[in-house]
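Novice: So the chains spell out like this:
Protein chains: 2
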Amino acid sequence: MLKIFIANGSISLASLILLEEVGAQYEAMLIDFSRDEQRQNAYLEINPKGRVPSLVTEEGVLTETCAILVYIAQRFGPEYLASMGDPFLFGRIQEFNSYLASTVHVAHAHRLRGTRWVSDIASLEAMQEKVPEVMTQAVTLVEDEWLQGPWVMGETYTICDPYLFTISRWLEDDGVDTGKLPRILEHRRCMMARTATQCALSQMN
Amino acid sequence: MLKIFIANGSISLASLILLEEVGAQYEAMLIDFSRDEQRQNAYLEINPKGRVPSLVTEEGVLTETCAILVYIAQRFGPEYLASMGDPFLFGRIQEFNSYLASTVHVAHAHRLRGTRWVSDIASLEAMQEKVPEVMTQAVTLVEDEWLQGPWVMGETYTICDPYLFTISRWLEDDGVDTGKLPRILEHRRCMMARTATQCALSQMN
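Top to bottom, those sequences are chains P and A.
176 is the number that this note's numbering gives to position 176 of the first sequence; each next residue is one higher, with no gaps.
137 is the number that this note's numbering gives to position 137 of the second sequence; each next residue is one higher, with no gaps.
Same shape as in the complex, but just chain P (with noise of 0.2 Å):
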């Protein structure tokens, strides 16, 4: 059976979801940030970057969201989760997913995480005063130029939405002023409507 290990608050809820969604068997274990249990030897041994999700499958590990969430799909769920069949369209499904990870995640990430880039306190300060602007600017882009809807895609559910839901849930955190991202909101909706959401969500905080 797979196992996967997740933490409040954090990207695995994308992979947690989408494990709902296709009904796979797994077992979710709680990784625990405020004990810094991510960086002890134990989970270090499954993930050496000491971060979360990692997906334990019968053949190996795999982190990285964009990587599980194809894995998933591809194993578990109906071709349209992420139309590996049509290269032009499996190609903007990661592309979404790709620009989620390497820019709009990175940006909320300057927030609680940064001193993987910086090790005083004035930049570290000065990095969370810029991420309203900075995580408003990424995701206006979403809202403007990728999200369809209701899905991200269109009429179809696709791996893009949990990653968008989860990440769409830090930005009042993040500073972001929602009243401005009408669709992101309605995305949000959408998405809390349906019964694998609530039964990720009911598994963390």
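Calculated Cβ distances over 12 Å to all of chain P for the following chain A residues:
(1) K3
(2) N8
(3) L30
(4) Q40
(5) G149
(6) P150
(7) T156
(8) Y157
(9) D173
(10) D177
(11) K180
(12) R183
(13) L185
(14) E186
(15) Q203
Restricting the straight-line Cα-Cα distance to at most 30 Å, the calculated cross-link-like pairs of lysine-lysine (DSBU-like) are:
(16) A/K3 - A/K49
(17) A/K49 - P/K180
(18) A/K180 - P/K49
(19) P/K3 - P/K49
(20) A/K49 - P/K49
Please keep in mind that the hints were generated in silico from the structure rather than gathered at the bench.
Predicted model only: the values in this text are computed from it and were never measured.
Glycine residues also receive a C-beta, built at the ideal position from the N, C-alpha and C atoms.
Fit chain A to the given chain P structure using the hints.
Specialist: The following block gives chain A in isolation, referenced to the frame of chain P:
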């Protein structure tokens, strides 16, 4: 015919190398970052993010290196370039590339593109100062845990290789002591020996 927008010294080299590897017909369009061409309307209409690479296909534009590499492999390449028929192996390939995109490339970007995350000079300098440490840590994980040799995934050249090669060319400028990374140096040498790499390099500085 495909059209790819590239810029000197940028991550777009990875996609260009792969186009050469698979023998795809394409036209390369050089964007001059020193003249800020990536932020001019003509280019923003192609890619509103103002970044490279952008791959213009018959069906529309694709951005983000992780997505473009898979698209090129799926459309033109032999199966082993991405092993998409094997969910776990494809997952490992995606995991590696996603780590390069969202952790390693991001660590590098704090040296030259720090204004994405802070505005004041002192914080920019503090970021730049930490780049050697952060990049060393990020690529040491590649050296120790990932790079099997001669290629990232072992005996088979995959879409991980042009991506790692492109980033590994930045390491000395990022202040990384590559003398301690013999496997990455050997990988760079093997990549340089390929005709496709040389053809791609001849199109950029």
